[in-house]
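Chains Z and E, in that order, give the protein sequences. Okay, so the first sequence: first residue is 1 according to full-length UniProt numbering, each after it adds one. Okay, so the second sequence: first residue is 1 according to full-length UniProt numbering, each after it adds one.
These are computed hints drawn from the structure, not numbers from a lab. The reader is advised that the hints may include incorrect statements.
No copy is singled out in the list; a pair is fine if it fits within one copy or between any two copies.
Unchecked claim - In silico lysine-lysine, PhoX-like type, Cα no more than 20 Å apart, as pairs: (1) Lys43 to Lys62; (2) Lys92 to Lys104; (3) Lys43 to Lys67; (4) Lys235 to Lys431; (5) Lys26 to Lys67; (6) Lys389 to Lys252; (7) Lys327 to Lys252; (8) Lys389 to Lys440.
2 protein chains.
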Amino acid sequence: MGKKVKTAITPTREEDYSQWYQEVVKASDMSENSPVRGCMVIKPWGFAIWENIQRQMDAMFKETGVKNAYFPLFIPLSYLEKEAEHVDGFAKECAVVTHHKLEKGEDGRLVPAGELAEPLIVRPTSETIIGESMSRWTSSYRDLPILLNQWANVVRWEMRTRMFLRTSEFLWQEGHTAHATKDEAMERTLQMLEIYARFVEERLAMPVIKGRKSESERFPGADDTTCIEAMMQDKRALQAGTSHFLGQNFAKSSNIKFQNEAGQEDYAWTTSWGTSTRMIGGMIMVHSDDDGLVVPPRIAPAHVVILPIIKKGADNSGVLESAETLKVALRQQTYYGLPVEVEIDSRDIGGARGWEWVKKGIPVRVELGPRDIENNSVFMARRDTGEKKGLNRDEFINTIADILDDIQDTLFQRAHAFREANTVFIDEKDKFYDLYKNAKGYNNGAFVMAHWCGSGQCEEKIKQDLSVTIRCIPFDSPDEEGTCICCGAKSDRRVLFAKAY
Amino acid sequence: MGKKVKTAITPTREEDYSQWYQEVVKASDMSENSPVRGCMVIKPWGFAIWENIQRQMDAMFKETGVKNAYFPLFIPLSYLEKEAEHVDGFAKECAVVTHHKLEKGEDGRLVPAGELAEPLIVRPTSETIIGESMSRWTSSYRDLPILLNQWANVVRWEMRTRMFLRTSEFLWQEGHTAHATKDEAMERTLQMLEIYARFVEERLAMPVIKGRKSESERFPGADDTTCIEAMMQDKRALQAGTSHFLGQNFAKSSNIKFQNEAGQEDYAWTTSWGTSTRMIGGMIMVHSDDDGLVVPPRIAPAHVVILPIIKKGADNSGVLESAETLKVALRQQTYYGLPVEVEIDSRDIGGARGWEWVKKGIPVRVELGPRDIENNSVFMARRDTGEKKGLNRDEFINTIADILDDIQDTLFQRAHAFREANTVFIDEKDKFYDLYKNAKGYNNGAFVMAHWCGSGQCEEKIKQDLSVTIRCIPFDSPDEEGTCICCGAKSDRRVLFAKAY
Ligand SMILES: [Zn+2]
Ligand SMILES: [Zn+2]
């Protein structure tokens, strides 16, 4: 690295990772804090990323027969009372609606009026109300499977928030399915996890580790919680999606019964699975650098920005026209079935203009001046590698889809290499403790594959001592004899330890 | 009509229009009342219609440069206090969040806890919070125009609800734009109304009348409210979309200021425009009949249902296989750039199966039995006309897009003819009063084009006497001398009167 390089984002990742994150979000113009405590405004650049995520994931869901539906924003308080386990989970962080109108008070100010007989909760999840519907919709095996998904806003009151990673209101999707057999439900659980993994790896360019949670990290009421875990640049893990096999537990508490083919009454087997705007937080932390956001082409709101070189007082019409024709030519190229999306920024604001687009993370920037037009060339810069070069205009147009593919691939490979370089196998407790004891800020140790005896006590001790948790028991962790990293008892498999978001 | 025909929906439109509507919704499996007062569950068949509306409208918005964003669900109470006009409008019907957690009370039940210092309102619209953001984002003419749209859920507490037409929570889109000049804002107002009109006519097959509201019917704070009005089968009007020119009023109350090119500070000129799930209510009431829902092909969740003729105990594999290959062949046909969507319903439930699809309003039903397969034919039924006929299988496949186009066109033409047949020009007050005096149930008079002097008093008198309102001053109402239908004073234009939803 040598001498200190001036970066677009201050502080750098190394200087203050957490602050760097906030600055990247701000500088990218993706979102901002709203005047409403704990809620954010998602601005067009950030929301377009969410729309791309939503559109692509939704298509993958629908290919497997899932249908979307919409359930009410409000949940009656009594629904939460029925489900003791949930209350423990969500009771501390609910928005509670107690009144249904406002009236002018004595001092002329507005005061809540029309108190509700039963308070309503703004949904922290729609699980209970979807369960109630499923119980009404299911009477025969012919009604199964029910394969539902909902894209919606949910609220969980948060005291300390961070944009995209933890906000009081966030956007997510929650899938809920009910099946006649255990096998079918288990298969669906894994099928949806596989979709999440494919989506996150292929579209967000984030390599993930698939596995199941230990008992203590399981979703309340689940027989099995599967998840995908990704490594951020500070070497902490972020759970990018979960898929739960709920056995018959949820059907029993929601009374989802059906008559099977043999004419006997049985409880359905259910699953649930979810992802949220948190994925965007993960994407930011995996790819961005000290110059700001880096967006993978497959979910970028725009792929190319054309920056015509404007001269004050001069006749710029030729350059502006050439920019327009370049845009049209690029949009005729397709990238995964859709037009290559192009922005033209012809604001006359000097060098700040190019930097704004660097900080927004657009995959390709193109400068276009009178000399480029003469030479039928363009001067392009890649956001991922920083590479800048002039090339023939037609060649650029004809290869733009390949360039974008290469950027997508480079981002994935880079993140993958980073994770591999920071994943270690440890068998000695001291080494394990040493690694994590001083982990903080930009350097949170590593992903550690270590043996674990399976006891909740060992898991808890490590969590207490080091704030390190078992992220998952990876599906591809082979059978292997060893001894627990905590207590030394026999173990036959390594699990993934890390600090986590 | 002659003798009484058995219909799938009871009561018929004529017997009880309002109850007929509820039964159509229920029988179509589009939505149902939820256990949460005033809120509905939108089931997959209904939600897929909303998704099609959303996808198509969204593309039309984006073609004009509009970008989507997302603003918080909650609005601080103080924001509403600032806007006296809004408070009058919404104060009676807000969901008010007063607490942010639940705790176990003495009797073990849950009680609201953590009272908020300032209550939050669940957004009845995001206008105030979008205005606040725009004021922060706008400093120079270079920041304008701002062209935003939001798809979201909103809440207005309703005591008497009807699915899709009036529910406490509903889904909608609200567009908000800010401009440097009055002309540009006025142009945008009309551009968005034009998009609404095109969408509703071309996709929902509902003919509309474009016009502006009278002063008393204007949106609070608007200089001009434009709208599209459609006629339902009970001859009442339904407003299917509105677009407001807000002048500088909204910018002044939200402090949206900018420095213009001349270096002077000025307030922006703004617009807002919205449509909601109410459009689905309109679609139901325009096209459906006494056998249930009729969905226009361009927004139908599926275009064709294949009903293989299943014989108990027989080997049905040939028929089922043939249904699958027919589905594949149909899906290879495109209808407006997307595959023709096909369902196969092979449930062995007798005649109820076909009727279920009639009631869901799918445009085309196809029966497929062993003899059809032998003859390489299909037996199809159109939902719009009820026409049933056998035709060659290949011909059916090759013309399916044309058949769908014809259905779409038939629905529009039928609705248009109905409206024309029920639009009258009236110049005598007695005649006007007679028409509306006994209007109710299935027969709410007509659309009446009558002269109006422009006075709010005349408008109010007609409203009080007859529950009839000026729906709009149609853009295409020609200059014409006449006398006010109410007071006899001079008028130079006819306006549209009707009972309305
Ligand atoms: Zn152990
Ligand atoms: Zn008059």
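Against the structure, the hints come out as follows:
1. In the homo-oligomer, the alpha carbons of Lys43 and Lys62 lie at most 20 Å apart only across protomers (15 Å), although the nearest pairing inside one protomer, at 28 Å, exceeds that limit.
2. In the homo-oligomer, the alpha carbons of Lys92 and Lys104 lie at most 20 Å apart only across protomers (11 Å), although the nearest pairing inside one protomer, at 31 Å, exceeds that limit.
3. Taking the shortest Cα distances, Lys43 and Lys67 sit within 20 Å of each other only across copies (9 Å), while inside one copy they are farther apart (28 Å).
4. For a Cα distance limit of 20 Å, the shortest separation of Lys235 from Lys431 inside one copy, 17 Å, qualifies, whereas the shortest one across copies, 80 Å, does not.
5. In this assembly of identical chains, the alpha carbons of Lys26 and Lys67 lie at most 20 Å apart only when taken from different copies (19 Å versus 36 Å within one copy).
6. With identical chains, the CA atoms of Lys389 and Lys252 are never at most 20 Å apart, being 63 Å at best within one copy and 48 Å at best between copies.
7. Proximity of Lys327 and Lys252 under a CA criterion of 20 Å is satisfied in neither setting, with 57 Å inside one chain copy and 38 Å between copies.
8. Taking the closest pair of Cα atoms, Lys389 and Lys440 never come within 20 Å of each other, the shortest separation being 39 Å inside a single copy and 74 Å across copies.
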